[in-house]
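The hints should help you fit chain B onto chain A, whose structure is shown.
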Amino acid sequence: MEADSKPKKSGARLCCVCNQNRAALKRPKTLEQICRECFYAVFEEEIHQVILENQLFKPGERIAIGASGGKDSTVLAYVLSELNRRHNYGLDLFLLSVDEGITGYRDDSLETVKRNELQYGLPLKIVSYKDLYGWTMDEIVKMIGLKNNCTFCGVFRRQALDRGAALLKVDKVATGHNADDIAETVLLNILRGDIARLSRCTSIITGEDGPIPRCKPFKYTYEKEIVMYAYFKKLDYFSTKCIYSPNAYRGFAREFIKDLERTRPRAILDIIKSGEDFRISTTTKMPEQGTCERCGYISSQKWCKACVLLEGLNRGLPKLGIGRNQGLNSDGKKDRKRDSRTPSIESKQCGSLEF
Amino acid sequence: MACNSSTCNSSGCYKGYEEEEQPKPNTKAAVNGGNSCQNLCVKCKVNEPVCCGIGGENSRFCKDCFKNNLYGKFKQAVTYNAMITPPDKVLVAFSGGPSSRVVLQFVHEMQYKAQKNYDANKDKSLPVFGVGVAFIDESSTHSFTSLHIEKAIEDIRLIVSNLAPPSKELFVVPIESIFSSDGIDGKERLKELLDAVSDVTGKEDLLIRLRILLLQKIASENGYTRIVLGTCTSRIACHVISATVKGQGYSLSADIQYVDSRWEIPVVLPLRDCPAQELNTLCSLDGLKIVELLNGPCSGINGLVSSFVKVLQEENPSRECTIVRTAGKLTPFHFNRVPEIHDSNVPSATRRHQKRYTLKPNGSLSSDSFCPICSSPLKKSNFPSSLRSHGNQQNPDLIASACSSCQFQILPKDPSLMEEFLSVLPQQMITKAKHGDQGDFSLLREQIQEFLLSDGENEI
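Going down the list, the protein sequences come from chains A and B. In terms of the numbering used here, the first sequence is numbered consecutively and its last residue is 355. In terms of the numbering used here, the second sequence is numbered consecutively and its last residue is 1460.
Just so you know, the hints here were simulated from the structure itself, not pulled from any lab data. Beta carbons are placed, not taken as given, at the ideal position from N, Cα and C, and that holds for glycine. Among the clues, some could well be false.
Okay, the calculated bits of chain B under chain A, using three or more residues with CB under 8 Å as the criterion [as the list claims (entries may be wrong)]:
| # | stretch |
| --- | --- |
| 1 | 1235-1249 |
| 2 | 1309-1316 |
FRET-style restraints, in silico, Cβ to Cβ [unchecked claim]:
| # | chain 1 | residue 1 | chain 2 | residue 2 | range |
| --- | --- | --- | --- | --- | --- |
| 3 | B | Q1076 | A | T103 | 55 to 61 Å |
| 4 | A | T283 | B | R1445 | 26 to 32 Å |
| 5 | A | E53 | B | D1155 | 57 to 63 Å |
| 6 | B | R1445 | A | S281 | 25 to 31 Å |
| 7 | A | R85 | B | Q1447 | 58 to 64 Å |
Only chain A is shown next, with the shape it has when bound in the complex (with noise of 0.2 Å):
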C-alpha cells in the first residue's frame, strides 16, 4: 500500500511537497518521500492543526508539561514553545517533573530535563515520590519485588502530576502521549475487559471534572515521527526503558502494532478511529466520584488508591491494594498499628493543596 511514491528514474527523490529539494526521509505515517524541511513543517502543522481542532488551550493559561526527559515529552516541550510562539496561543509554559527514585534510571533523565529547562527557557518543577510519599520506587522494588510495581509506580505519578500542578498553578496539564501509545491502551483495554477505560481512552482531554485537566496534544502523532524529529533536530533526550518495566502486559500489544506498522502504516490511527467509534453505552462509563478521606484526593473508593498502596506499604503489607480482595479491612483505617522493620511515613493531607 505505497502511497504517493514518485519514481524519478533520474536518480535523486525529489521532496514530493516542494519538488525542490532532495527527499531526506520516508514519512512513517503516510510513506511520503520529503525533505528535512518540509518534515519539520508539516510535523509542527499537523499538532497545530490537532489543538486548533480540539481547543485543547486558551490564551492566558498556564500550562505544566509533563517531562520525564524522555523523547515524546522533550518533544512536546520543544513543538510547544515553537507553536507558542509561532501561533502565539498567549500560553505560560512549565516543565513538570516526577521524581520517582529510581536510581540509574530517573536521576540521569532528570538531568536531561534540567538541560531542558535551559534550552527552551522553560521553568521546571520536580516533584518527587520521597517527599510527597516517603518512598521511592527502588525502595518500594526491594520491598514487594519485581511484579506489580508498575501499579504502584503509575497510581503515584499521577497523583504526583497534580500535586505539582497544584502547586505550581496551572490550568492543565499536557502529556506526551503518542498515537502508538494510545492504539496500544486501545488493545489492552479489549483483551482486559475493560470497557469503562475503553470508553475513554481516546479523549484527548481527561479529567476536565478532576483538579487538573489533561490533554494529548500528540495523539495522532506517530512515535516514529516523534524519534525522527527529535533526531532532525538533534534534540536532547534519553532515550533508556525503565529499569523495572521488562515483563509489563503492554509489550504483547506494542509488538503486535509495530508488525502493524510495516504492513499498514494507517492501521495505528485506524486503532484509535475504533477506540472512538465504539459503541458505548453512556450508563457503563463513569464510575461515581467523591474523595478520598485520608488525604482529599479524587476518588471513586472511601480511599483513594495511593492512600490504599501506602498504606500496604507502611504496613509491610505490600498485597494491600493488589489483586481481587482489595478493599482495606474494616479496621483498617482506624488501625495505625506500625510494622517495626519499615519506617512509616504517611503522606501528607492534601488540605493545603487544596484539592
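Positioned in the frame of chain A, the structure of chain B alone reads:
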C-alpha cells in the same frame, strides 16, 4: 499512561469486569475428596475424564459430559435467541472445518429430536424445521487440483447423506455463481474483480463478503429462512481485533452478536460461546470427519491478527473469551435480533414464544445506512449528504457511500479505474450503493405492518 502491569488490579482497572480469572467450571462441588477426584469427570463424577475444558487443569470432563456441555451451549444460544423455530428452513453453511462440522452435527441432532417428538405426538401442530447444507467451492480462486476438490466434495456428500433421517439437501455452489451469469464468464469476472483489488487484506475481506452474498442467494432462491454459521469464540475474538485495527470500531458490534438480520435472510451464530479448541476436541472425540480444504493461511492484517491472538491464548487460555466478552458489552444494533414473525400461518404459540425471547431493541430505532461493499452500518457523521445521489448515478455513489475501510483496502486508488471496477462488482453491491442512502425501511415497515392494507406501496 495506562498501567502496564500484567496483574494490575487498581480500582479503576477492573471495576465492572470479571477477568484475569479462569472461568470456574463445576469444580466447587467436586473438590471435596482430594485425590480420588483427579480420576473422575468433574461433572458426573462417574466416568473417566478424557479432556480438558477451557478452564484448564480444573475441568476434566468425560466424553459425554464434555459433549453435553458443548451441546448445551449451542442449545441455549438457539433457544434464547429464538434462532430456529418450527416453520423455519435453515441453511447450514459448511466449509469442511471443525466448527462447521460441529454446528452441522448439532443442528442435525436438534432436528432429529424434533422429528422423533413429532412422530410420537398425535397432535401434529408444530412441524419440524427443515435443514439444508451449503458448501461454497472456492477452487477458482486457488490452485487446487480438480482432483483434490472433487474428493473433498465427495466426502462432503457422504457426510451429509449420513446425517439422515431427516434428509438434508446439499448445495455445492462455485463462488463465481455470485454473478448471475455463471460458467466461464463468472470465473473470468471473479478473477478480474479480485485482481482489481491490490491490498491483500482487501482481497481476503472481499472474498468473505462474496461468500455471504452467495449464501444469501442460495438461501433465498431455495426458500430458506435462516443461515447458520459455525463461527466460534476464537474466530470472533480475531474479528474483534481485526475490525478494531481496520477502523471499523463503530460497526464491530453488528458482526459479533448471535443474530444478524441485516440481510434478507437472517444469519445466526449458535456456536458463539464455544472456543475453537473445544470444537476441535469434540471432532476428534466423536470421530466427526473434517474436510480439510486449506484455503491458504491468511496473510496481511488478518494473518497478523490470528498470530497475535494465538500468542495471547498461549499466555492465557481464557483470553479469547475475555475479548469476546468485552466486545459483547458494546451496544448492538437494532438488526441484531430475529425479526418478528408476522405470518399468521405460524402458530400463535410460536410467535408468543419468539416474542418472549427476542432481545429488546437497544436505544432508538435509527435508520442506519450501510456500506454497499461490506454491509457495515455507517456512523451518521461519516455519512455524506444524501443530496449527492442526484444526477450521476455512477462513481460518486459508491465511493461516497462506502465505509472508510472499504474505501482504503478494496476500492481502487486510481479514479480512472473506478468505472471498470464497478462493472465487475456483483449486482447486489451496486444496487445497495444506489439505494444506500435511503436508510433501512424494513424496520419502520415492521412497526406499521399490521395496519397496512395492501402491498401497493413500492418497497424501495
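Hints and how they fare:
1. Given as covered by chain A, the stretch 1235-1249 of chain B passes the check, having 9 residues with a CB less than 8 Å from a CB of that chain where 3 are the minimum.
2. Requiring three or more residues with a Cβ within less than 8 Å of a Cβ of chain A, the coverage given for the stretch 1309-1316 of chain B holds, as 3 such residues are present.
3. In this structure, Q1076 (chain B) and T103 (chain A) meet the distance hint of 55 to 61 Å, their C-beta atoms being roughly 57 Å apart.
4. Separation of T283 (chain A) from R1445 (chain B) is about 30 Å and conforms to the stated range, judged on CB atoms against 26 to 32 Å.
5. One distance hint, 57 to 63 Å for the beta-carbon pair E53 (chain A) and D1155 (chain B), holds here, with the actual separation near 58 Å.
6. A hinted range of 25 to 31 Å for the beta carbons of R1445 (chain B) and S281 (chain A) is consistent with their spacing of about 27 Å.
7. Checked against the given bound of 58 to 64 Å, the beta carbons of R85 (chain A) and Q1447 (chain B), roughly 60 Å apart, stay inside it.
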